[in-house]
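As you go down the protein sequences, you meet chains G and R in turn.
Residue numbers for the first sequence follow numbering that gives the first Met the number 0, so the first one is 0 and each next one is one higher.
Residue numbers for the second sequence follow numbering that gives the first Met the number 0, so the first one is 0 and each next one is one higher.
Rather than coming from a laboratory, the hints here were simulated on the basis of the structure.
Ideal Cβ positions, reconstructed from N, Cα and C, are used throughout, including at glycine.
Please note that a few of the clues may not be correct.
[What the hints assert, rightly or not] Here are the in silico distance ranges between beta carbons for each label pair:
#  : chain 1 : residue 1 : chain 2 : residue 2 : range
1  : G       : K238      : R       : E352      : 28 to 36 angstroms
2  : R       : N268      : G       : R298      : 54 to 62 angstroms
3  : R       : D55       : G       : E296      : 51 to 59 angstroms
4  : R       : D55       : G       : S274      : 55 to 63 angstroms
5  : R       : K355      : G       : E365      : 52 to 60 angstroms
6  : G       : C46       : R       : R47       : 28 to 36 angstroms
7  : G       : E195      : R       : G138      : 48 to 56 angstroms
8  : G       : K12       : R       : A372      : 37 to 45 angstroms
9  : R       : S366      : G       : G39       : 32 to 40 angstroms
10 : G       : K12       : R       : Y232      : 54 to 62 angstroms
11 : G       : E296      : R       : R47       : 55 to 63 angstroms
12 : R       : Y232      : G       : E365      : 32 to 40 angstroms
13 : R       : Y232      : G       : E187      : 47 to 55 angstroms
14 : R       : I15       : G       : C46       : 36 to 44 angstroms
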Amino acid sequence: MPLKGKVNQMAYKTIIGLEIHTELMTKTKMFCGCTNAFGGEANTHCCPVCIGLPGTLPVLNKQGVEFGIKAGIAFNCDIATKTKMDRKNYFYPDLVKGFQISQDDIPLCDGGYVEIELEEGTKKVHLRRIHIEEDTGKSTHTEDGDTLLDYNRSGVPLIEIVTEPEMNTPEEARLFLEKLRATLKYIEVSDCKMEEGSLRCDVNINVVDTETGAKTKISELKNLNSFRAAVKAMEYEEKRHIALLKEGKNTIKETRRWDEVKNETISMRQKGEVSDYRYFPESDIATIEIEEEWIEEIRRSLPELPHDKKERFMKEYDLPEYDAGVLTQSKEVSLFFEETIKHCNDSKLVSNWIMGDVLRRLKDEELEIEDLKFGPKDLSDLISLVKEGKINNNTGKKVLKEMFDTGKNPETIVKEQGLIQISDEGELKEIIEKILSENEQSIIDYKNGKDRALGFIVGQTMKATKGKANPQIVNKMVVDMINER
Amino acid sequence: MEITKLSAREMRKKLIDKEISSKEIIEAHIKKIDEVDGDINAFITLTREEALKQADEIDRKIKDGESIGSLAGIPIGIKDNIVTRNIKTTCGSKILENFIPPYDAAVIEKIKGKDGIILGKTNMDEFAMGSSTETSYFGSTKNPIDLERVPGGSSGGSAAAVKAGEVALSLGSETGGSVREPASFCGLVGIKPTYGLVSRYGVIPMANSLDQVGVFGRDVADAALMLSGIAGYDIKDSTSMKVEDTDYLTKLAEDIKGMRIGLPKEYFNIDMDKRVKEEVLKAVKVFEKLGGEVEEISLPYAEYGLPTYYIIATSEISSNLARFDGIRYGYRSKDYSSLDEIYINTRSEGFGEEVKRRIMLGTYALSSGYHDAYYKKAQRVRTLIKKDFDEAFKKYDIILSPTVPTLPFKLGEKIEDPLAMYMSDLMTVSVNLAGICALSMPCGMVEGLPVGLQIIGDRFKEMNILKAAYAFEREGESNGI
Chain G
0 MPLKGKVNQM AYKTIIGLEI HTELMTKTKM FCGCTNAFGG EANTHCCPVC IGLPGTLPVL
60 NKQGVEFGIK AGIAFNCDIA TKTKMDRKNY FYPDLVKGFQ ISQDDIPLCD GGYVEIELEE
120 GTKKVHLRRI HIEEDTGKST HTEDGDTLLD YNRSGVPLIE IVTEPEMNTP EEARLFLEKL
180 RATLKYIEVS DCKMEEGSLR CDVNINVVDT ETGAKTKISE LKNLNSFRAA VKAMEYEEKR
240 HIALLKEGKN TIKETRRWDE VKNETISMRQ KGEVSDYRYF PESDIATIEI EEEWIEEIRR
300 SLPELPHDKK ERFMKEYDLP EYDAGVLTQS KEVSLFFEET IKHCNDSKLV SNWIMGDVLR
360 RLKDEELEIE DLKFGPKDLS DLISLVKEGK INNNTGKKVL KEMFDTGKNP ETIVKEQGLI
420 QISDEGELKE IIEKILSENE QSIIDYKNGK DRALGFIVGQ TMKATKGKAN PQIVNKMVVD
480 MINER
Chain R
0 MEITKLSARE MRKKLIDKEI SSKEIIEAHI KKIDEVDGDI NAFITLTREE ALKQADEIDR
60 KIKDGESIGS LAGIPIGIKD NIVTRNIKTT CGSKILENFI PPYDAAVIEK IKGKDGIILG
120 KTNMDEFAMG SSTETSYFGS TKNPIDLERV PGGSSGGSAA AVKAGEVALS LGSETGGSVR
180 EPASFCGLVG IKPTYGLVSR YGVIPMANSL DQVGVFGRDV ADAALMLSGI AGYDIKDSTS
240 MKVEDTDYLT KLAEDIKGMR IGLPKEYFNI DMDKRVKEEV LKAVKVFEKL GGEVEEISLP
300 YAEYGLPTYY IIATSEISSN LARFDGIRYG YRSKDYSSLD EIYINTRSEG FGEEVKRRIM
360 LGTYALSSGY HDAYYKKAQR VRTLIKKDFD EAFKKYDIIL SPTVPTLPFK LGEKIEDPLA
420 MYMSDLMTVS VNLAGICALS MPCGMVEGLP VGLQIIGDRF KEMNILKAAY AFEREGESNG
480 I
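So here's chain G without its partners, still in its complex pose (with noise of 0.2 angstroms):
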């Protein structure tokens, strides 16, 4: 039974809903006058209302609302023209007030969803939600056992998107991530930085077998700080399901947390009681009426979304979709390609150098594109460069890494270093001439049919002009040499 394997290895299906969090960057937070800047010293961005004093009551940020419904339309959900706020009741030293401002049973966006290309096509993950609310402060556990509390954080506008359980594999997770933080960066309503926090993901995780219909129950996986350990931390308990279902087991509800040093899953606390959050409306602040307008209004203030933004690139720039999906797939990737087109005008050589050098290096050390110390008009410098045959391309690569590392302007570096190409065949002549006389065998070995002595002769060129060669010249011309020979 040689398929056997592989047939079981088919029958298993996971399924995976994500719950995100995302501080928006309105000026103030979301019910009172305070900075909504990150960090400071804790407890300095605080005032009465949103360290929850009593008597204090909240006042709802429009820009937060606007926030809200630009996500809303960013991710083709249906806008609500009548929602209200509620109370989430619970108790946790970081809540101020025991209870969270939120949204129940009227969200302000409801449905939508957020397109993934994959291999076999483009498929579409349903959102189930987006709703406003207010974030918690911030608890930190010393080592000797106490509890620091910093409320900087606390009545920061969050929108919590939660999608239907629709991902079956932890690459589509990770793929829906990268759009949907994408697409939130493009709008500007947040800088979806987890490291800062200001984008928090939290996994919803079971297995099926779909020969025998067995279903795991669902983990919820927590304190995933970056989308790398959000996928870890997926394939592990995916495995961890399947294993158990494969020795007739089952999980237990419960929430884990992952752990990156261990790189495992960990049971926080099981979820055999729900949790009851009491929720009922928050009638301090009124019903709150969207007008069609407004929301109209919204729509033409949106910026160009990734999906659309793709499209022109192919037209506009003559891109291979390829290329013009990775370009758009952060919008200051797209800006730095398009402001580098403007100096440039080839785009396939830019996308090259982009999607290539550029990106492969900002990956490795992970950094976005903003951390560059050079701007787009020294690539297209550099490309110029490389395109009008000043240096070649293997010297282009490595002024590039020179201008990742200090920043200067790839012509300098050129002038600096000596690195303008060689194209003057006379002087070009007089080096492939001493090789030549030195390496009489290889000659031989090429008139002889063996390809590969060309290969040496003209490496042995270049070398000897330190790369600055160009390489076509060089190529041409050792043939032309030995040929006359």
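With chain G fixed as given, assemble chain R onto it according to the hints.
The following block gives chain R in isolation, referenced to the frame of chain G:
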């Protein structure tokens, strides 16, 4: 001339006429407090030095010919659930025994801006939960009319202080009758304004969809003066409304001939003290004499007012009081070894019985599985109660009823029987549920104890109930009541 017996308006007039100084007014009241408050216990905190300093400043203003505010020099008592910057604000509870707020409530800013002088913070039922001021952590307040009797509640301290001449005016707060009931028991005028007329910013909530700051005065015009002083839109309270005219004094004396008056049969045909009913019906006759057109009306959902109120109020209480957890301010139990124990021990030790009872009732009413049967249903009935009044006010300008079905009861008489205590609110809670305005004023005496008449008006029609009250008061005066 006994200063503490003057009306607030008279005090201000004599101040402007330079017959007395602001300092003399405040000193006279401090003296009165020293004489009587040991027995009455109307105050939790006194602010003598601050008040005297402020009095000096007002005297200086008058001397220098500067303009002074509408409440200038008038000593005012503030219910201790209204936060005052740098002045202890306890809500009558152990859990806030030493809580000193860093900010002023909107109404406090208004009073200060109008040169009113805050003389202290008054006693109240713990977190405004009660109808007798007996649930205060700081001891009961006594009714100045009869020290064996309660002053009503929860704003009992504010009522007793005005009645006893310890202050001229005071602020209370209402959730279901906490100003009108003590006004009735102490023979004062007490107004519960329309929800949204007065900012709630800085008023420590009991049930935030029902709460509203109210006022006490010894006569209608004094109460109207106090109300004018605190009414108006506040950007910090999203439920406050932009109301154009909040001057309730100038039109007070308008005649009420032709005023359409409804008498809800549901409020007269209940089990109540017959003597109270008689006094109120006598008052109705006076309104007829004044030209009012009186008719019996029906408020069919009136009988559901009390149960509806107790579900909605307790639900909101359970959430509003969650922030008192011992973490950031207020009382914290000394006995704990885990986070849960901080919560449980702090709240078990810091709250009194009535507060705990209501938190548990509200938590239950909001719990999943019970939420729809209790909270949601109560909200639907609340809408029906509101519709009752909407219908009535299409035809009538004001509605009259007794304020409380009984005379002031004795200390200890009902404290062990919460349901009997809750019955005191029978005729007042619906007004809060509907968000409309009402006042209580004295309309007669039975065995030396005052009977309160309730005058109810539509949303933001404070002027209607005040005009009616003023006309009735003047008629009574001319008849020597």
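Comparing the hints with the structure gives:
1. At about 55 angstroms, the CB distance of K238(G) to E352(R) disagrees with the hint of 28 to 36 angstroms.
2. In this structure the supplied range 54 to 62 angstroms holds for N268(R) paired with R298(G), their Cβ-Cβ distance being about 59 angstroms.
3. In this structure the hint that D55(R) and E296(G) lie 51 to 59 angstroms apart at CB holds, the actual value being about 56 angstroms.
4. A C-beta distance of roughly 57 angstroms is found between D55(R) and S274(G), which places it inside the suggested range of 55 to 63 angstroms.
5. Taken as a hint, the range 52 to 60 angstroms holds for the pair K355(R) and E365(G), whose Cβ atoms sit roughly 53 angstroms apart.
6. In this structure the hint that C46(G) and R47(R) lie 28 to 36 angstroms apart at CB holds, the actual value being about 31 angstroms.
7. Between E195(G) and G138(R), the C-beta spacing of about 52 angstroms keeps the proposed range 48 to 56 angstroms intact.
8. Look at K12(G) against A372(R): about 40 angstroms separates their beta carbons, and that is inside 37 to 45 angstroms.
9. For the hinted restraint 32 to 40 angstroms between S366(R) and G39(G), the CB-CB distance of approximately 39 angstroms keeps it satisfied.
10. For the hinted restraint 54 to 62 angstroms between K12(G) and Y232(R), the CB-CB distance of approximately 58 angstroms keeps it satisfied.
11. Hint check: E296(G) to R47(R), Cβ distance near 57 angstroms, so the stated range 55 to 63 angstroms holds.
12. Remark: the range hint 32 to 40 angstroms for Y232(R) to E365(G) is contradicted by a beta-carbon distance near 52 angstroms.
13. For Y232(R) paired with E187(G), a C-beta distance near 34 angstroms fails the hint of 47 to 55 angstroms.
14. Our hint of 36 to 44 angstroms for I15(R) and C46(G) holds, since their Cβ atoms are close to 39 angstroms apart.
In summary, the structure is inconsistent with hints 1, 12, 13 from the numbered list given earlier, while agreeing with the others.
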